[in-house]
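A.B. asks: Residue numbers (the numbering used here), protein chains in the order written: chain Y, 3 to 253; chain C, 18 to 324.
Mixed in with the good hints, there may be bad ones.
[To be verified] With a cut-off of at most 30 Å between alpha-carbon atoms, the simulated DSSO-like pairs for lysine-lysine come out as follows:
id	chain 1	residue 1	chain 2	residue 2
1	C	K261	Y	K248
2	Y	K124	C	K261
3	Y	K151	Y	K141
Keep in mind the hints are simulated off the structure, nothing from the lab.
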Amino acid sequence: MADYSIQELMIIAAAREIADGELVFVGMRLPITAYGVARLTHAPNAVGLFECGIARYAPAEGMLYTMGDPPNQQNAAWSAGLVPVMSQLQRGRVDAGFIGGAEVDRYGNVNTSYIGDFDTPKIKLPGSGGAADIAAMSKRLLVIMNHEKRRLVEKVDYITSPGYLDGGDSRARAGLGGGPSAVITDRAILRPYGDDHELHVASIHQGHSLVEIAENTGWDIKARPDMDETPPPSSQELAALHEIDKDGFWH
Amino acid sequence: MRQKLCDLDQAIAEHVTPGCSLVMGACLEPDIPFAATYEIIRQNITGLEAIAPISDASTDMLIGAGCVDRVTGAWVGNVSGGLGHNYRRAFENRDTPSVNLKDHSNFSLGMALMAGAYGMPYAPMRSILGSDIVKSNDQFIEATNPFSDGKEPIILVPPLIPDVAILVVQRADAQGNNHHWGNRGVAQEAALAAEKVILLANEIVEPEVILSDPSRVLVPGYLVTAVCHVPAAAHPSPQTGCWKRGNDFFNDYHKQSRTEEGFKQWLDEWVYGVADHAAYRAKLGASLSDLKITGSALSAPANYAAE
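The following block holds chain C by itself, in its conformation from the complex (with noise of 0.2 Å):
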């Protein structure tokens, strides 16, 4: 059996290819794989699609570093701060914007990536009804409900299979087998719609851990194609269980990144100036240690037994 355990950048530089769509940020808020994200801009991997329905600042970094061109999803900013600075700057005082933006809604995006995961030709929706998204993105299609009576209006969305989905997850097996909680936002259908998917696991445990609750398995290993070992991979988003959001890092972020010139000072000293993500934690120190969940609130066991 091919071993999927591999080192990041490794991972990241087999699995990422210039031009690539990529799901980052799947879960909304939390389990954003920011160590992906530094490494993809450490590799200075470019032409790139990011696709999340919310993806918080890390696909205002990848614009920034000029990684991503294309863009497909709900909301890009900072949450923490507002508006995402890197974002605006390749919009605003343009002849063209130097990203190509498919916009969405959450749901819509949602129900993309379900028809993806799903092998469905499309999928048929009402929320986006009124906005003009569906005039900025030419991707949807108006139509009428077939089995309506009368003429009630729907959209039509096409699926998205994206090349890759990075994934964190709190626990995983070497062969890529894992356990997440917490919410989920698109990250399954993200998962079972995506070619390949890259799994940044906190820990890597023995197999029967995972089989010992298969309720909890975001995507069975044999749908994984490569798992890092990252603790924190989310960091400065938080990670259920394990790391609280890092609030003042994204603050900082988000005052750095209001020039273009600071922007480039932030990535020299936390990018471009540590070797990987190890450095980059030894680098954080206390501010890292501080986010650590130490608390226990442990689930009630669920019994699998068969007999």
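Here chain Y stands alone, though its shape is the one from the complex (with noise of 0.2 Å):
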């Protein structure tokens, strides 16, 4: 078995999705990681924003459980309102935001709100946060969830944060671009693929098959053309992780 674990290597392919020089909405845990490890591999000159009012070059020092912690304040590139740094995503700067998911449908739409009617909920989630705007107006939407048939649905009971709505144009013609470019789990990276923008299964984390991603996903989920095995993290990429990950958290 290969030494590094499955948070590891959703940590890497999520930092893969970061090119050298963007703009990110980074979140926490896991992708502030993939942040960090982005920078110290491919992507030195990303920057990251985050909803509370911050823009960073370097990741923080220090151990984060919020984006508003003293060390994500300490050295940072800005520190500002919401409404300076959330604006740069209407107004078309950020190139990508990852978020992360209660349930994830076909086309990518992303529920964190409701599990069941909106007016007498089975379920109350948090609800938005940032997510519907950065899901919104980032040129590319990056989710990272784990692989279950209760998350992965057909259809999310509430749209918290649009995907590709219905599929097809509809995310056009509700007035929006971009949308999501990657759903990032346990157990596979899926893609939109085509005209409908269906979710397909784009690659496959070693040691997981296609069946048994089909058995864990509530729609009849196909793959694309060219789908692949996910590549392992690299030596170089590992080591940056670790760098990072000093007490080994994701280990």
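Assembling the complex is the task here: the two chains are given apart, and the hints tell you how they should meet.
C.D. replies: Here's what the structure looks like:
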């Protein structure tokens, strides 16, 4: 067995989605670590944005529980308000944004608000935060989540953060560009395919199979014709990750 | 000149009236005025509307204690623990939710407070297009951009004018002039929009200290209604340069609030069982002093000399 955890593979897969020089809404936990790996490897000029009003070049030194913790304030590129930082989404400057999801559907729509009807929900989830804005306005949306049948569903009960809506040109008709570029799970990477933009399996992590992925997906998921195995982490990528994750939290 | 410096219990009793709307947690995760959350619960002020993009556990506590029955926000929960148990109980296994929620995204709430702050009749925006937020919150209006040639969809956000904004700052003088540093979330918009502003200051300083650096002022004292000296007012949330996040405290709250009974016991221990915030700090003891930032990373001085 390779000497890396599935979380480490997900982090490195997420890091590969960030190109050099890009402006990225980073989020917390796994994506913020991915941002750090990207900066140390192929994207030394990426810039990270945080909804609370922070922009950073180098990731924070020191453990972060939230984006507003003191290590994220110290030596930030910019410490301002939510409006000036999040406005860069509407201004069209943000290349990519990471969000998590309780439920994602075949068109990449994300629900973090209500399971069931919104008037009388079965489960009340915390809500959007900045996820709706990031999903609507980033040039590429990156979703990170665990691959379970109850989470990858045919149709979400509530669209908190828009993906390709009903597929086809429905997102464009709603006035939105961009859209989901990848859903990174603990089994595979899904990407939209074709004019319909339905999520397809783009690559499978080592040790997993298409049959197993289909069994754990809530719609009849198909493979892209160019489907491949997710490249395992390189020694350089792992070294960068270990430099950031000194305590081995993700290992 | 009216003295604005007063005790927290007095500021809350005088300005947070039953049924009023209240911004608490405007900076998102840091600077959440938990000291005021506890005092509102102790005084059992009810029928409140909680307004915040991300209020961490503050709104969850106020809902569980029966003080808040309306929420205007983008995210309610417990950042360390994930879900907010009181928030969930207010919606789940009921014929109708006990909390009326006006769904927002972070940016739409920022736009609503900005419109309130700047006297705009409404704020046009795009970033909640495609989201069901515009369906579950009927305050938004779907429109088309009158300046576009085609039919460019936009969303109109009504202004939000809160009754009170309660904000945490590092230092203030006795008239409410203040310095705040670190990320500001929607604190400035909230302060400019609200009818009243209550500041909780980690430190009270001479007016000259604030005047020496006007660019660090959140809002000037003439817009502040009351200022209270409350060290660690944001605990367990962090405050830049002063206090680290009390993550264990958030986790303990998350565990204990899992049941209604457990939440009541938590309230008895940390809110009803302590007379005021000084007693709360004393009860925290070493677990609070461990969170105190003792290091020094000073910014370079800025010269404001006129000649």
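A.B. asks: Each of the hints needs a verdict: does it hold here or not?
C.D. replies: Structure-based check of all given hints:
As the CA atoms of K261 of chain C and K248 of chain Y are separated by approximately 20 Å, the hinted pair is consistent with the 30 Å bound. Taking the CA atoms of K124 of chain Y and K261 of chain C, the gap is about 36 Å. The hint is violated against a cut of 30 Å. Proposed proximity of K151 of chain Y and K141 of chain Y is supported: the alpha carbons are some 28 Å apart, at most 30 Å.
When each numbered hint is compared with the structure, a violation occurs for hint 2 only.
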